[in-house]
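Colleague: Using the sequences plus the hints, can you model the full thing?
Top to bottom, those sequences are chains A and B. The numbering of the first sequence is the numbering used here, which starts it at 62 and goes up by one. The numbering of the second sequence is the numbering used here, which starts it at 62 and goes up by one.
What the hints contain is simulated information worked out from the structure, not anything from laboratory work. Hints are not guaranteed to be accurate.
The list treats identical chains as interchangeable, and a pair is accepted whether it falls inside one copy or across any two copies.
[Stated by the list, open to error] Distance condition first, Cα-Cα at most 20 Å in a straight line; then the derived EDC-like pairs of lysine to aspartate or glutamate: (1) Lys386 to Glu214; (2) Lys89 to Asp436; (3) Lys328 to Asp66; (4) Lys328 to Asp71.
Protein chains: 2
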Amino acid sequence: MYTSDQMQIDIGRGSWIRRMFEEGLELKKIHGNDKVFDFTLGSPCVEPPPQFQAALVDVVNDPTPGMHTYMQNPGYPATRVAIARRLTAESGIEYTAENIIMTVGAAGASNVFLRSVLNPGDEVIVIAPFFPEYSFYIHNQRGTQVVSKATPECLPDLDDLRGRLTDRTRVLMLNSPCNPTGRMIPAPILKEIGEMLRRHSEKIGRPVFILSDEPYRNLLFDGLQYAAPADYYDDTIIVTSFSKSISLAGERIGYMAISPRCKGAAKVFEACAFNTRTLGFVNAPATMQRVMARIQDWESNVPVYQAKRDLMYNGLTEIGYKIPKPEGTFFMFPESPIADDPKFVMMLKDELVLVTPGTGFAAPGFFRISFACPDQVIQNSLPGFRRAFERAMAL
Amino acid sequence: MYTSDQMQIDIGRGSWIRRMFEEGLELKKIHGNDKVFDFTLGSPCVEPPPQFQAALVDVVNDPTPGMHTYMQNPGYPATRVAIARRLTAESGIEYTAENIIMTVGAAGASNVFLRSVLNPGDEVIVIAPFFPEYSFYIHNQRGTQVVSKATPECLPDLDDLRGRLTDRTRVLMLNSPCNPTGRMIPAPILKEIGEMLRRHSEKIGRPVFILSDEPYRNLLFDGLQYAAPADYYDDTIIVTSFSKSISLAGERIGYMAISPRCKGAAKVFEACAFNTRTLGFVNAPATMQRVMARIQDWESNVPVYQAKRDLMYNGLTEIGYKIPKPEGTFFMFPESPIADDPKFVMMLKDELVLVTPGTGFAAPGFFRISFACPDQVIQNSLPGFRRAFERAMAL
Chain A
62 MYTSDQMQID IGRGSWIRRM FEEGLELKKI HGNDKVFDFT LGSPCVEPPP QFQAALVDVV
122 NDPTPGMHTY MQNPGYPATR VAIARRLTAE SGIEYTAENI IMTVGAAGAS NVFLRSVLNP
182 GDEVIVIAPF FPEYSFYIHN QRGTQVVSKA TPECLPDLDD LRGRLTDRTR VLMLNSPCNP
242 TGRMIPAPIL KEIGEMLRRH SEKIGRPVFI LSDEPYRNLL FDGLQYAAPA DYYDDTIIVT
302 SFSKSISLAG ERIGYMAISP RCKGAAKVFE ACAFNTRTLG FVNAPATMQR VMARIQDWES
362 NVPVYQAKRD LMYNGLTEIG YKIPKPEGTF FMFPESPIAD DPKFVMMLKD ELVLVTPGTG
422 FAAPGFFRIS FACPDQVIQN SLPGFRRAFE RAMAL
Chain B
62 MYTSDQMQID IGRGSWIRRM FEEGLELKKI HGNDKVFDFT LGSPCVEPPP QFQAALVDVV
122 NDPTPGMHTY MQNPGYPATR VAIARRLTAE SGIEYTAENI IMTVGAAGAS NVFLRSVLNP
182 GDEVIVIAPF FPEYSFYIHN QRGTQVVSKA TPECLPDLDD LRGRLTDRTR VLMLNSPCNP
242 TGRMIPAPIL KEIGEMLRRH SEKIGRPVFI LSDEPYRNLL FDGLQYAAPA DYYDDTIIVT
302 SFSKSISLAG ERIGYMAISP RCKGAAKVFE ACAFNTRTLG FVNAPATMQR VMARIQDWES
362 NVPVYQAKRD LMYNGLTEIG YKIPKPEGTF FMFPESPIAD DPKFVMMLKD ELVLVTPGTG
422 FAAPGFFRIS FACPDQVIQN SLPGFRRAFE RAMAL
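Modeller: The structure is reproduced here in structure tokens:
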């Protein structure tokens, strides 16, 4: 009676990530923090790099009139120039400030973009497993979600994808490297997706967009070069943030980059600037925009995450787990030794090991590990992982 | 082809405020900044108070691990406790942290609240003149906007309001003191509105909410005490920000306060916390939350704005303008001397005086002045206001 019908459905349904996190809190109360191995939440475990702190102190200690009040909705020109410059250097595509809108994180950017291009009922394809919040963003902005299944290696399945295209297809969401799998989509697959969407756009007479969610783009291991969707398809819009790359998730600072190769770039920019305002974001937080204008030379702390990836991956594969090896992020997505992944997750919980079932990412038969946690937690969790695996094998 | 049908309608329609602001930029290029009197944008003209700057420097110079990463979606408990304490002291209603959600400004809070309570097609009543962004917020969240006309004194018209109530009425939006009129709704009117909504809620069998948008609550003149909607109606949700009161509009820091007297307060809190996440805000910016936890003793710079109000109000009424006297904000809403307010606004523009027609606020026959500008601009604009008035009288 006090909330909408939709809220009662959505909240009733709950979130697997949150549910496992809350199970963890209970277990920690009973057994103590150091006895519970919590791999549920996708929160970075390193501090922002030193140049962030230095720039923040500089900005704040040197106040200038009006620095906390409104600016243009897309953000400060200086910030957008700095972002465009780095992205151009990283990608070889010539971005300018007119392609960049500063946003309240990648979540804000996704909502703004979807609102700008979807007519009610237009279809948005996501590739399972996918970050479950996408479903809300699509529904918020009146789209219809269409799920394409990944291959067993957790990469896009091109045949399945082709079969999902319809007259109403408007957006393909990609997330590379991916939460929850850590997999990066390699260049040859991106090339085929690009060709498929070009043909389909021509066929249906309006562009299909790639919405490329790239918060983990700079968290790539083994010196791997990023394979960028925008290199293979012109109508690509990047949404991203500094939440994961430099651990600023609470500051809600991110951006959208509309490919200058998109023929409708100016129209999309205008609509997204408008929706940044009218959806209630108005602009990305001012102080963080000023900081980001100064530190486009930041680097993610890749070695720390890579060492954790190795520790966990090697430990688990040695036990017998099968895992599509993650090229980036701080997630991995092992196969559940039994088909019923929620059941196996409960078996792990009996060992005080907390993970999230693949079912929560529309991919049953797997589970997600977030390894952004102290090495010791990873190390000490391995015996529990082993016992659960052996019990599952004995079923 | 590149944006949705709705975007093409919305952007084509444009905004009067922005249109007049852009006219101003053109005029300034031709005539010079000091020759153009721009009263279009509602942006504060004073700097944040000294305790804000001191607290920001303190927070930033004393980094603690994890201070820039995620927290609970409703915000830091310490911040919400501080907000609840001040609001309790100001209002006599016992708010606790469980009634407070930190938000990306009042615009973010409005979208979050409407999303939480509206079934598609539920009606939201706004009282004209009103801030035109409300229409987008209502439409974004699938509501139907219903307009009730104010009295000539720019206060709610109780008979008109009563006639707008239907089975689908879900929310009444109030904005006191009001952008664009500067009027505060006095206690006797709030009392009658409260009684009306209580009866109506009972009749239709579900609560009608008051969404009370209060960013100007602390910008009241002449020592006036605030008449708070929440004092007269239990199902009241405050949305507000520090954008206007202490000039932090660019930082996107605000909050929602659900009255503890609302029987469904816990349900509304849960739904709003959920929507803060899923609409893509996730949480209010972390650093500004930390600052606001420390400075709940801030005061708005009322004397500065009151002096400007007096200068403008006295200057204009002496010329002959009829103006409902504003009790707060930095706006006033004079009657247009001719019925065609856009035409009169163009006559003012000929005098290099820029204001926004009442039509832009669904109230033809008036125009809005934003007097948050240097005293000299107000003073020097008066001859132009006089000439336009005299030309209008001679028509």
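Colleague: Does each hint hold? Answer for all of them.
Modeller: Taking the hints in turn, this is what the structure says about them:
1. Taking the closest pair of Cα atoms, Lys386 and Glu214 come within 20 Å of each other only inside a single copy of the chain (9 Å); across copies the shortest separation is 69 Å, beyond that limit.
2. In the homo-oligomer, the alpha carbons of Lys89 and Asp436 lie at most 20 Å apart inside one protomer (18 Å), although the nearest pairing across protomers, at 61 Å, exceeds that limit.
3. In this homomeric assembly, Lys328 and Asp66 come within 20 Å of each other (Cα to Cα) only across copies, at 12 Å, whereas the closest approach inside a single copy is 35 Å.
4. In this homomeric assembly, Lys328 and Asp71 come within 20 Å of each other (Cα to Cα) only across copies, at 13 Å, whereas the closest approach inside a single copy is 33 Å.
When held up to the earlier numbered hints, the structure conflicts with none and fits them all.
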